[in-house]
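First to last, the sequence lines map onto chains A, B and C. Using my numbering, you'd call the opening residue of the first sequence number 602 and step up by one each time. Using my numbering, you'd call the opening residue of the second sequence number 4 and step up by one each time. Using my numbering, you'd call the opening residue of the third sequence number 9 and step up by one each time.
Everything labelled a hint here was simulated from the structure, so no lab data went into it. By construction, the Cβ of each residue, glycine as well, lies at the ideal position given by its N, Cα and C atoms. A hint or two may mislead.
Residues from chain A that face chain C, not an exhaustive set, calculated with beta carbons under 8 Å [claimed, not checked]:
1) Ile700
2) Ile705
3) Leu884
Just a sample of chain C residues kept apart from chain A, beta carbon distances all over 10 Å, derived [stated by the list, open to error]:
4) Ala147
5) Gly206
6) Val297
What follows is the residue order along each chain.
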Amino acid sequence: MDLFIHQVLAGLATGAIYACMALAVVMIYQAIDHFNFAQGEMAMFSTFIAWQLMEWGFPYWAAFFLTIAISFAAGVAIERSIFRPLHNAPVMSHVVLFIAIFVIINSFAGFIWDFNIKAFPTPFGTRPVLGQGLLSAHDAGMIAVVLILLLLLFVFFRYTRVGLSMRAAAANPESAQLVGVRVSWMLALGWGMAAAVGAVAGMMIAPVVFLEPNMMLSILLYGFAGAVVGGLTSPLGAVIGGFSVGVIENLAGTFIPYIGREMKLSIALTLIIAVLMVKPSGLLGRKIVTRV
Amino acid sequence: MTALLTANGLSAFYGQIQVLYDLEFNMAEGGITTLLGANGAGKTSTLRALSGMLRTNGEIRFNGQPINGKATEDIARLGIAHVPEGRGTFVRLTVEENLQLGAISRSGRKEIAEDIERVFNYFPQLRVRYYQQAGTLSGGEQQMLAIGRALMLRPKLMLLDEPSFGLAPRIVQELFGILRTLNKQEKVSMFLVEQNASLALDLADHAYLLETGRVVMAGDAKEIREDEGIRRSYLGY
Amino acid sequence: MKTDTPKDLLDATAARSASPRNLKPLIGLVALVAIVAAPLFMKNFLIFQLTLAMIWAIAILGLNLLTGFNGQFSLGHGAFYAVGAYTTAILMEHGGVSYYWTIPAAGVICFIAGFLFGLPALRLEGTYLALATFALAVAMPQILKFSPFEHWTGGVQGIVILKPDAPFGIPINQDQWLFYFTLITLILMFAFAYNLVGSRTGSAIKAIRDNPTAAKAMGINLSLYKSLTFGVSALYTGIAGALSAIVVQFVAPDSFTFALSVILFVGLVIGGVGWIPGAFFGALFIMFVPHLAEGVSKGLAGAVFGIMLIAVIFLMPSGAAGLLKFVMDRLTPVRRWMGSSSRRSQ
Numbered sequence: 602m603d604l605f606i607h608q609v610l611a612g613l614a615t616g617a618i619y620a621c622m623a624l625a626v627v628m629i630y631q632a633i634d635h636f637n638f639a640q641g642e643m644a645m646f647s648t649f650i651a652w653q654l655m656e657w658g659f660p661y662w663a664a665f666f667l668t669i670a671i672s673f674a675a676g677v678a679i680e681r682s683i684f685r686p687l688h689n690a691p692v693m694s695h696v697v698l699f700i701a702i703f704v705i706i707n708s709f710a711g712f713i714w715d716f717n718i719k720a721f722p723t724p725f726g727t728r729p730v731l732g733q734g735l736l737s738a739h740d741a742g743m744i745a746v747v748l749i750l751l752l753l754l755f756v757f758f759r760y761t762r763v764g765l766s767m768r769a770a771a772a773n774p775e776s777a778q779l780v781g782v783r784v785s786w787m788l789a790l791g792w793g794m795a796a797a798v799g800a801v802a803g804m805m806i807a808p809v810v811f812l813e814p815n816m817m818l819s820i821l822l823y824g825f826a827g828a829v830v831g832g833l834t835s836p837l838g839a840v841i842g843g844f845s846v847g848v849i850e851n852l853a854g855t856f857i858p859y860i861g862r863e864m865k866l867s868i869a870l871t872l873i874i875a876v877l878m879v880k881p882s883g884l885l886g887r888k889i890v891t892r893v
Numbered sequence: 004m005t006a007l008l009t010a011n012g013l014s015a016f017y018g019q020i021q022v023l024y025d026l027e028f029n030m031a032e033g034g035i036t037t038l039l040g041a042n043g044a045g046k047t048s049t050l051r052a053l054s055g056m057l058r059t060n061g062e063i064r065f066n067g068q069p070i071n072g073k074a075t076e077d078i079a080r081l082g083i084a085h086v087p088e089g090r091g092t093f094v095r096l097t098v099e100e101n102l103q104l105g106a107i108s109r110s111g112r113k114e115i116a117e118d119i120e121r122v123f124n125y126f127p128q129l130r131v132r133y134y135q136q137a138g139t140l141s142g143g144e145q146q147m148l149a150i151g152r153a154l155m156l157r158p159k160l161m162l163l164d165e166p167s168f169g170l171a172p173r174i175v176q177e178l179f180g181i182l183r184t185l186n187k188q189e190k191v192s193m194f195l196v197e198q199n200a201s202l203a204l205d206l207a208d209h210a211y212l213l214e215t216g217r218v219v220m221a222g223d224a225k226e227i228r229e230d231e232g233i234r235r236s237y238l239g240y
Numbered sequence: 009m010k011t012d013t014p015k016d017l018l019d020a021t022a023a024r025s026a027s028p029r030n031l032k033p034l035i036g037l038v039a040l041v042a043i044v045a046a047p048l049f050m051k052n053f054l055i056f057q058l059t060l061a062m063i064w065a066i067a068i069l070g071l072n073l074l075t076g077f078n079g080q081f082s083l084g085h086g087a088f089y090a091v092g093a094y095t096t097a098i099l100m101e102h103g104g105v106s107y108y109w110t111i112p113a114a115g116v117i118c119f120i121a122g123f124l125f126g127l128p129a130l131r132l133e134g135t136y137l138a139l140a141t142f143a144l145a146v147a148m149p150q151i152l153k154f155s156p157f158e159h160w161t162g163g164v165q166g167i168v169i170l171k172p173d174a175p176f177g178i179p180i181n182q183d184q185w186l187f188y189f190t191l192i193t194l195i196l197m198f199a200f201a202y203n204l205v206g207s208r209t210g211s212a213i214k215a216i217r218d219n220p221t222a223a224k225a226m227g228i229n230l231s232l233y234k235s236l237t238f239g240v241s242a243l244y245t246g247i248a249g250a251l252s253a254i255v256v257q258f259v260a261p262d263s264f265t266f267a268l269s270v271i272l273f274v275g276l277v278i279g280g281v282g283w284i285p286g287a288f289f290g291a292l293f294i295m296f297v298p299h300l301a302e303g304v305s306k307g308l309a310g311a312v313f314g315i316m317l318i319a320v321i322f323l324m325p326s327g328a329a330g331l332l333k334f335v336m337d338r339l340t341p342v343r344r345w346m347g348s349s350s351r352r353s354q
């Protein structure tokens with residue numbers, strides 16, 4: 602039983618990162634109905650920026666928040682320059698551009714910072730929480746950060762005018778324009794926020810997996826799985842989906858004998874295909890009730 | 004009275020396909036003008052052209068200012084509230100959020116709250132359903148919500164695209180009565196697109212008739228309504 | 009007396025003769041002879057690179073059949089490449105099968121794999137299918153390292169393969185033989201592809217890409233054709249993978265990462281979606297551009313790929329196909345001289 606709890610908690614810890622990536626993925630999906638395959642690379646690059654800032658002497662939290670700001674700006678810039686002209690282009694064009702950004706960012710990260718792994722600090726210390734090594738301080742910190750992030754986003758979308766505008770722009774761009782919402786800028790804002798959230802994910806996971814240009818690929822996959830499981834429609838769904846994937850994969854790893862640990866990516870693959878095929882609205886996807 | 008809305012040589016295109024040809028109209032402030040015509044005549048396209056949703060040639064002026072070529076959201080912010088075909092309700096959002104969105108380009112929390120109260124006075128059903136998902140409202144209620152949302156803009160001009168569509172006759176009567184009241188009390192000018200000619204001519208001051216993208220007749224609504232010849236040949240009743 | 013220029017003479021001849029003169033077959037023959045003779049005069053490494061380029065072309069053609077002609081996305085074709093490669097390696101290593109039999113075997117196995125993946129993919133469109141295939145590509149290396157299969161797959165270390173000698177004692181070296189072997193396979197596969205695309209089946213496949221609803225209304229069995237196309241596409245890329253295993257002499261899980269699927273995708277886009285010859289342009293691009301890029305700076309190949317992709321999307325959406333058409337249109341006078349007839353339609 603102890604083992605079970607331990608694994609669930611550990612699953613929640615890694616799930617926190619997946620939840621973060623899932624948040625970023627869902628935010629862009631809500632804006633443009635596409636999956637941003639470059640989301641992981643963007644997060645990785647942000648993490649490198651944070652690392653570089655710290656190398657230059659910035660204290661951790663200063664680097665943390667500055668990186669978030671820079672990532673936000675970069676997300677907006679990418680949307681304005683590359684995706685805005687493509688607004689009505691077919692799916693293929695979008696996929697090509699996502700891949701293009703993926704390889705460019707990956708390539709530049711390797712070029713600037715090389716491919717050797719680097720250590721990335723955690724601000725949470727190493728003292729275990731909940732005693733007896735059930736949960737490390739960093740794990741607890743990750744979970745806390747994600748929950749705070751979720752709360753902030755919830756408040757933003759539910760209670761602010763900008764949040765409402767973004768939701769309107771995503772739900773019905775034409776009607777949103779007719780009430781005066783600058784839909785185009787809402788998309789840019791979505792990208793910026795997604796980039797910022799991705800940066801948080803990267804900075805949280807780097808202490809665990811070590812910083813190198815290829816660190817985010819599998820995490821992005823888990824993030825996609827979390828987003829799909831959660832239903833692709835709300836931040837809450839993304840977070841629940843992310844945590845679920847983390848727990849499922851950890852329990853599978855522990856309790857499926859011999860091979861469970863090696864199946865994690867396949868589990869993500871299976872979850873994605875199964876959910877999209879069988880129940881595309883996932884856990885929390887809303888069914889729309891309309892009367893004619 | 005000053006001209007609120009004028010169009011000169013207005014042509015509109017969906018991509019390469021032309022749908023409006025050299026439209027001319029003139030709308031005075033405070034009035035209700037109706038645009039009539041059969042299906043496919045270009046009525047909805049006219050409203051969309053006014054809201055900057057189509058590629059246009061020619062000139063559109065609102066309060067003397069040219070607005071052709073402006074972005075849809077900027078045109079809305081000038082005070083033109085467009086109630087689109089099919090109502091354009093944000094179905095997944097609540098009634099409250101829909102109304103709030105109507106006022107999203109304005110500031111002043113107190114004024115906005117007052118305006119919501121005013122909307123409730125015209126449409127009491129919306130007060131009851133304030134926190135409900137807009138998609139759960141009936142057709143008539145959604146139409147009221149759409150008009151309420153338009154009112155929240157404190158518009159000078161309201162564009163209405165077939166407000167009677169899909170609604171029971173009794174509700175339509177009620178609705179048009181409210182539109183008349185809105186026009187008089189809130190001083191909202193209206194540009195009304197309708198297939199139901201008799202209803203529209205009852206309400207409006209002026210009328211234009213559109214046929215395959217061209218204006219074929221223009222005049223005083225009362226005169227047109229009372230001219231049997233015109234009614235028979237152009238309006239089918 | 010004023011002599012006519014060769015052009016005048018040929019024009020006069022053309023005017024007089026009843027049937028149109030056509031130089032294209034002649035040019036084709038010259039090219040073929042050049043290609044066949046070339047390896048006899050080249051350094052082994054260059055032969056090796058050209059062989060790989062041909063393999064890439066087959067792989068990209070596979071992807072093109074699926075995405076370009078049938079409209080189904082794949083960010084995961086590297087997975088089928090891997091299956092083909094491992095089929096060859098395992099058959100040769102554990103089954104003692106001769107290398108040439110492993111090629112059709114890899115084809116069959118990959119066809120089945122592609123068909124099976126195509127079944128759930130039926131329900132997925134556009135960005136969702138892209139996501140599913142992305143997941144497949146990312147999961148593949150881990151699947152290949154799966155410990156229960158280690159005995160067969162060689163685990164993380166993979167399998168080493170011996171390069172075959174030329175058959176019947178023909179006096180050419182191994183690299184040259186593999187060049188010809190690949191060339192023969194290439195010609196067969198491209199011929200089949202042209203046949204397929206031009207046939208009624210091909211029309212059905214293309215109809216599904218252009219307007220699935222209309223296709224269905226015309227009685228085309230969407231599920232069957234889409235899954236079959238997935239299978240055929242995987243077959244092509246799988247055969248390419250099988251050939252690569254022999255040519256590179258090695259398979260290992262980390263040779264088949266997501267990067268491989270990206271490379272195939274880049275080759276597809278640059279070469280031109282929905283245009284069979286595009287596979288060659290794409291293959292040459294992905295084969296030789298990284299070398300140039302790495303000359304400038306290591307690791308910058310990715311950036312070049314990415315920038316080219318962006319350039320294609322914004323400037324020339326049909327890739328090399330569009331570029332070629334652009335150039336050919338400007339060269340119309342030359343083409344007329346060569347007796348070019350109307351181009352084969354896609």
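Here is what the structure says about each hint:
1. Ile700: holds, 6 Å
2. Ile705: Result: holds, 3 Å to nearest chain C Cβ.
3. Leu884: With a minimum Cβ separation of about 17 Å from chain C (threshold 8 Å), the hint on Leu884/A is violated.
4. Ala147: Since the minimum Cβ distance to chain A is about 4 Å, Ala147/C lies within 10 Å and the statement is violated.
5. Gly206: holds, 23 Å
6. Val297: For Val297/C, whose nearest Cβ neighbour in chain A is about 12 Å away, the distance exceeds 10 Å, so it holds.
Checked against the numbered hints given earlier, this structure breaks hints 3, 4; the rest are met.
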